[in-house]
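*Asks:* Put together the whole structure using the sequences plus the hints.
Protein sequence lines correspond, in order, to chains A and B. Here the working numbering = 1-based position in the first sequence + 183. Here the working numbering = 1-based position in the second sequence + 381.
If you are wondering where the hints come from, they were derived from the structure by calculation, not from laboratory data. Remember, predicted model here, so these are calculated numbers, not experimental data. Don't be surprised by glycine CBs; every beta carbon is placed ideally from N, CA and C. Hints are not guaranteed to be accurate.
Some chain A residues close to chain B (C-beta under 8 Å, calculated; not the full set) [what the hints assert, rightly or not]: (1) ARG225; (2) VAL304; (3) LEU392.
Below, in silico cross-link-like pairs of lysine to any residue (SDA-like), each with a Cα-Cα straight-line distance of 20 Å or less [to be verified]: (4) LYS611(B) to GLU670(B); (5) LYS504(B) to PHE230(A); (6) LYS471(A) to MET451(B); (7) LYS505(B) to LYS471(A); (8) LYS607(B) to GLY646(B); (9) LYS217(A) to ALA481(B); (10) LYS217(A) to LYS504(B).
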Amino acid sequence: MSTKTKSPKHRPLTTKEAPLKQWWTFYVSENPMKIEIQRIIRRFFTFGGGNQGNAAVFGLLLLIFGILMVSIVNARGNVSPMIVLGLYTVIMFLLNPILFHSTIAGERERRSWDMLLVAPVTHGQIVVGKILAGFMLNVGVLLLLSLPMFIAAITYERTHWAGLIVMTLACLSAMLSCAAGTVLLSARAKRPLVSLGTSLGMVLIVYLLVPSLTASIGGMYGDTSQFLFVWHPFTLFDQYSRIESIGFQRFGVDQPEAMWIGTLLLSAVTAIAFHLFLALVLAVWSIKTLVFADNEVRFIGRGPKGAVSDPQ
Amino acid sequence: MLEVKNLRKDYGGFLAVKGISFQLKPGDVFGFIGSNGAGKTTTIRMLATLLEPTSGSATLHGIDVIEQPMEIRRMIGYMPDFFGLYDDVKVWEYLDFFAAIYGVERRPQVIDEVLELTDLTVKKDAFVQSLSRGMQQRLCLARCLVHDPKLLLLDEPASGLDPRARADLKELIAELGRMGKIVIVSSHILPELADFCNCVGIIERGELLAFGAVKDIVRQMQPAKKLEVKVLGESGSVVEWLGSKTGIDSIEARDSETVSFHLHGDDGDQQQLLAAMVAAGVPVLTFREEDADLEDVFLKLTTGAVN
Numbered sequence: 184m185s186t187k188t189k190s191p192k193h194r195p196l197t198t199k200e201a202p203l204k205q206w207w208t209f210y211v212s213e214n215p216m217k218i219e220i221q222r223i224i225r226r227f228f229t230f231g232g233g234n235q236g237n238a239a240v241f242g243l244l245l246l247i248f249g250i251l252m253v254s255i256v257n258a259r260g261n262v263s264p265m266i267v268l269g270l271y272t273v274i275m276f277l278l279n280p281i282l283f284h285s286t287i288a289g290e291r292e293r294r295s296w297d298m299l300l301v302a303p304v305t306h307g308q309i310v311v312g313k314i315l316a317g318f319m320l321n322v323g324v325l326l327l328l329s330l331p332m333f334i335a336a337i338t339y340e341r342t343h344w345a346g347l348i349v350m351t352l353a354c355l356s357a358m359l360s361c362a363a364g365t366v367l368l369s370a371r372a373k374r375p376l377v378s379l380g381t382s383l384g385m386v387l388i389v390y391l392l393v394p395s396l397t398a399s400i401g402g403m404y405g406d407t408s409q410f411l412f413v414w415h416p417f418t419l420f421d422q423y424s425r426i427e428s429i430g431f432q433r434f435g436v437d438q439p440e441a442m443w444i445g446t447l448l449l450s451a452v453t454a455i456a457f458h459l460f461l462a463l464v465l466a467v468w469s470i471k472t473l474v475f476a477d478n479e480v481r482f483i484g485r486g487p488k489g490a491v492s493d494p495q
Numbered sequence: 382m383l384e385v386k387n388l389r390k391d392y393g394g395f396l397a398v399k400g401i402s403f404q405l406k407p408g409d410v411f412g413f414i415g416s417n418g419a420g421k422t423t424t425i426r427m428l429a430t431l432l433e434p435t436s437g438s439a440t441l442h443g444i445d446v447i448e449q450p451m452e453i454r455r456m457i458g459y460m461p462d463f464f465g466l467y468d469d470v471k472v473w474e475y476l477d478f479f480a481a482i483y484g485v486e487r488r489p490q491v492i493d494e495v496l497e498l499t500d501l502t503v504k505k506d507a508f509v510q511s512l513s514r515g516m517q518q519r520l521c522l523a524r525c526l527v528h529d530p531k532l533l534l535l536d537e538p539a540s541g542l543d544p545r546a547r548a549d550l551k552e553l554i555a556e557l558g559r560m561g562k563i564v565i566v567s568s569h570i571l572p573e574l575a576d577f578c579n580c581v582g583i584i585e586r587g588e589l590l591a592f593g594a595v596k597d598i599v600r601q602m603q604p605a606k607k608l609e610v611k612v613l614g615e616s617g618s619v620v621e622w623l624g625s626k627t628g629i630d631s632i633e634a635r636d637s638e639t640v641s642f643h644l645h646g647d648d649g650d651q652q653q654l655l656a657a658m659v660a661a662g663v664p665v666l667t668f669r670e671e672d673a674d675l676e677d678v679f680l681k682l683t684t685g686a687v688n
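*Replies:* See below:
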């Protein structure tokens with residue numbers, strides 16, 4: 184048996200290419216861990232065996248899809264596409280921790296981690312591969328829900344397409360940072376259950392508890408919470424609602440439409456930039472977490488004193 | 382060629398491996414023997430690039446394990462002592478995942494080849510979790526083989542296997558050796574290692590106490606050859622005849638026809654003894670040197686102390 188392997192994917196970064204392009208090539212376009220995306224897809228589309236959980240999630244998503252389709256068709260143009268996007272955001276904020284809490288902690292618990300570590304991929308490529316896989320699932324669910332969202336958008340007379348698109352992109356970027364956060368907590372936790380608990384807790388605190396409290400407090404002293412939470416998808420939903428309401432005075436809006444569109448675009452771009460940066464920070468933090476070889480920590484018991492970092 | 386020179390692992394004052402050295406060539410199947418905590422796994426993990434040695438070096442076909450870990454990872458297949466598999470995928474999907482990570486071309490064909498080699502073809506579409514322990518062990522080995530490694534590091538590959546699965550695995554490892562791969566196998570089951578390893582190393586408290594061919598190590602430890610002769614009729618006269626010869630001791634009648642004894646000498650002396658025995662009219666039915674007993678050597682060499 185002889186096996187041919189492709190030319191090394193870990194070619195040293197050359198100075199001829201732009202740094203961003205080098206980064207993209209190394210971590211994304213030529214990252215062998217992209218196969219993780221395929222593994223995730225197979226998990227959801229291979230039925231039987233140990234896949235009941237994945238199949239159940241897939242079934243749940245199909246059910247939501249069906250209910251949305253029926254509701255939107257029956258509503259005859261009275262459902263804003265924002266409702267679908269909002270539902271997607273809530274579902275994915277909860278599903279991300281549930282689906283990806285064990286990406287690294289599970290590998291450790293299952294003792295399959297060593298087999299990845301001896302493969303010719305860097306920790307960075309492993310982490311980016313896992314985040315990408317998580318993100319692609321988010322994209323997949325969005326694609327699934329894009330049909331009801333599209334039907335709602337074309338039948339709803341007050342749809343603002345540009346606003347809807349930037350809001351969708353902002354939601355996706357929020358999902359990317361959410362996936363990165365889940366992977367980070369998975370990298371730091373010893374057990375998947377701990378990772379699940381902390382991930383869910385983090386999502387609830389960051390996206391629900393803190394904004395609610397701040398909004399309540401802000402309401403008492405003049406509302407500044409929208410400025411603080413410009414990155415929050417629900418802030419964007421609120422701003423988009425104002426665009427939809429122009430002419431209907433639902434919010435007592437008397438500013439021109441262009442101002443609201445400008446505000447939404449600015450908020451969306453800020454949110455996208457914020458979430459991309461956050462995802463990057465979380466990914467780097469995850470990689471740093473993995474620098475210490477797990478075995479050394481396990482061997483010594485009390486942290487890596489005197490232990491040498493991973494040879495890569 | 383695998384060259385390990387003075388490899389050492391120090392965990393902040395705790396010396397797990399104390400500078401071991403050995404060389405292996407393609408086709409060598411090396412049995413790594415030692416008690417729990419002797420340093421086998423640490424050594425194997427250093428060679429697998431999972432741990433960085435404190436000092437010393439290891440090169441595989443001239444490539445340094447410490448300096449070029451990524452290149453080394455393409456050349457090694459590592460099977461840990463305890464491992465888990467992705468149980469929510471099918472067998473071929475599991476192998477495809479790792480084949481992709483290793484950048485293997487013609488993945489479907491390679492997967493078929495390794496499945497055939499590991500005798501798992503019939504389980505290609507089965508879910509990993511449905512496999513028996515022995516099959517999972519073979520699947521893990523198949524994963525190690527998808528990229529056609531030059532060096533295989535198998536840490537306790539036979540642990541927890543039933544006798545049939547163990548025999549199959551033994552045959553598979555021997556076959557890998559015949560394919561020209563360097564195979565390092567750590568195990569506690571010494572008689573099995575003696576069967577298919579052409580060289581062994583005995584490690585205790587991080588020190589390599591002995592290294593070489595099984596027979597050579599046994600010879601070093603047991604200078605006398607352990608022989609057994611079976612005669613037609615009663616063995617009493619043979620015991621008496623052997624007792625009159627020089628260089629022979631530990632004569633023991635095992636049963637009415639069989640006698641075992643130690644001969645202090647080489648192959649020539651052994652041949653001369655047989656000739657003399659036949660010439661003296663001893664009715665020899667069988668005359669054989671007993672297999673090297675690795676377990677005895679291991680027990681003699683080691684004290685059972687662990688790090």
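*Asks:* Find the hints from earlier in the document that the structure breaks and name them by number, from lowest to highest.
*Replies:* Violated: hints 3, 7, 10.
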